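Chains as they are written, first to last, in the UniProt record's numbering: chain Z, 1 to 264; chain G, 1 to 264; chain D, 1 to 264.
Calculated from the structure, these hints are not laboratory results.
Quantities reported herein were computed from a predicted structural model and do not represent experimental measurements.
Hints may be right or wrong, so weigh each one.
Said to hold, decoys possible - Partial pick of chain D residues on the chain G-facing surface, computed with a CB cut under 7 Å: (1) 89; (2) 144; (3) 164; (4) 191; (5) 193; (6) 194.
Just so you know, even glycine gets a beta-carbon here, dropped at the ideal spot from N, CA and C.
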Amino acid sequence: MPEAVSPTVSLPQDPAVDAAIDADRLDESLAVVGALVDECRMELAPEALRVRAVDPASVAAVSLDLPAEAFERYEAGGETVGIDVERLAAVVSLADPGDLVRLVLDAERRRLHVLVGELAYTLGLIDPEAIREPLDPAEMNYDCPASLTLEGRDVSRFVDAADMVSTHVRLGIDAGAETFYVEASGDTDDVALAFPGEDLAALSPADAESLFSLDYLRELARPIPVGSEVAMELGTEQPVTLSFAVADGTGTATFLLSPRRAVA
Amino acid sequence: MPEAVSPTVSLPQDPAVDAAIDADRLDESLAVVGALVDECRMELAPEALRVRAVDPASVAAVSLDLPAEAFERYEAGGETVGIDVERLAAVVSLADPGDLVRLVLDAERRRLHVLVGELAYTLGLIDPEAIREPLDPAEMNYDCPASLTLEGRDVSRFVDAADMVSTHVRLGIDAGAETFYVEASGDTDDVALAFPGEDLAALSPADAESLFSLDYLRELARPIPVGSEVAMELGTEQPVTLSFAVADGTGTATFLLSPRRAVA
Amino acid sequence: MPEAVSPTVSLPQDPAVDAAIDADRLDESLAVVGALVDECRMELAPEALRVRAVDPASVAAVSLDLPAEAFERYEAGGETVGIDVERLAAVVSLADPGDLVRLVLDAERRRLHVLVGELAYTLGLIDPEAIREPLDPAEMNYDCPASLTLEGRDVSRFVDAADMVSTHVRLGIDAGAETFYVEASGDTDDVALAFPGEDLAALSPADAESLFSLDYLRELARPIPVGSEVAMELGTEQPVTLSFAVADGTGTATFLLSPRRAVA
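Take the sequences, apply the hints, and build the full model.
Right under this line is the structure:
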């Protein structure tokens, strides 16, 4: 579909960023970031669009990488802009399936032009300095003893099940049984799920167990595509990471969630 | 499908009105009227069912014409009845797709019998004199300098987009560029849409621009079928009219919306 | 699909009940019971699972029978357990279409293990003595003079239509006209439906008419499958019963609703 440039909008002559991407790819990527934060710093590096963000309570972090290959066209020089995630997502949601979204940065006037078909939306940018400092990427690489890979739908399923009885959930690996397990206990009811290694796409077992908040896990599970493979890293009283592909496999997203201290 | 007459309902012997119409056609037509008013005067003229109505604030008007051809059967003598639009629509919504709705007027007892399959609904009529005087049809024929035709889905799209940033929207035509444009400005974000003449089903250009309330446009856009062609007439600080076919092309509907005075 | 036993859950060695049933069958059956009560006594007799329950106001009753044939496997010795219907239904709703739900009773620890795929949910049981005494089954066999059979979708339709004008509805049979009728009267509008014998799957006519609460009928109509045949028994100022098949025709459910005294 051809990109339109509205005659009523004046685009910058030599924009710092000029990119075009399939609307569904951008929509899915913004949902990942929006699961955790309302505003984010978006780095438009020459080789990739990157977001690193921490939630206001510093309990969870998200990392999103959309390399140039995720785009139809990608020209960027390394600018970092402050984005209202929900507003940008709302504009993108006006696109029809298959539409391209064009992003043109007017660095001088601090505006991002979002062009979809005959629509030109001018998004006012936020001062990146006013947005919470993102996590150092190195901090998201914990030295986790155990890892496994399961389907997105299984993540949703164990979160939904645990959510029926409690506000927190234990995720662990039984190295002997080569099984990933999920446990939640309520006043009258308990929930347990067990995924033996042979039902998982991958499992590097080592004894591990940590407790996590379901309020967070529910939000993180929402944008994970049901059919995607989710790589998890687990330790003992360590954060869990969930990594999965976005944008038709061209990009990657990782959530990191800190453990909750066990209730005595 | 055969029409049923409930043995528990006594229909008038020689009814002033006896008509039958496809449920979807009636449903769609009532949605158009219901976008603007809760109650309306319905004229059951010998050659057509007609509604003319003005919203309580006198900002917008609607005109609906369902000629006899829109019906499976249509016998009427010119009565005008007062209808609770929402209640009649609720009855019609009980029909299955393809069902016929039969309307039988009991003028003496001021009731409209609405028959759908085995269901006989007796709708109490409202005194037409108690309903706000409709607009003189002549008042809906403004001498607008410019006109254009676009798809119903585009009307929804520009209303939704403008609604994201403001409570009012500018609709205009740039005669030189032969373009229909839509603009809305918010505190941080702006929206602009441009429909060049070659993308429109029709365009009779002349410079025109008026400001309209999005609260109204949102309601008016809702019942317009996405696939229909919508003929618009525009002027400068003049009302806009939106006309489109209803009831599988057998009937016509027109909305008229007064301009809002520009905020200084 | 193979049943999984979670390694993190210890099932009783020789359980009093061990049964497996298609998730949709159980879901549908629980919806029938849940239309009337939040908690129920469930009898796990050797030949069938049975529920008899009365709503808190003693206006309506439900009877559900799922014989052993409704299950993939059914081993039970006659225990009666107290179940939180909504919570059990929520667990079952986590199953995918075609999944089996396994129910294992730990009588000693008063827990029901509900196993779905890799999920093991441990449902705390309620003391059956703390649950309202169910109706004597004999009380649900009224000596009704008239009976008829119509489709589930028609039950929904007459309830929805009557609900538009009133809080109660008259159900009756005109023996002379061989017609089942439904009537409701409101302040301005009336509703009447007539189902002649030839449009019904069955009709044993006798003059009958009783008045019922729509608040109850609305709840009872909800879980009745639209395509099912519903056998009704009616009398004059007597309860109505609605019976229909559940679990792909292997089980049966009956609702009984007491009449409302006519408003003078």
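Hints, verified against the model:
no.	hint	verdict
1	89	violated, 29 Å
2	144	violated, 21 Å
3	164	holds, 6 Å
4	191	holds, 5 Å
5	193	holds, 5 Å
6	194	holds, 4 Å
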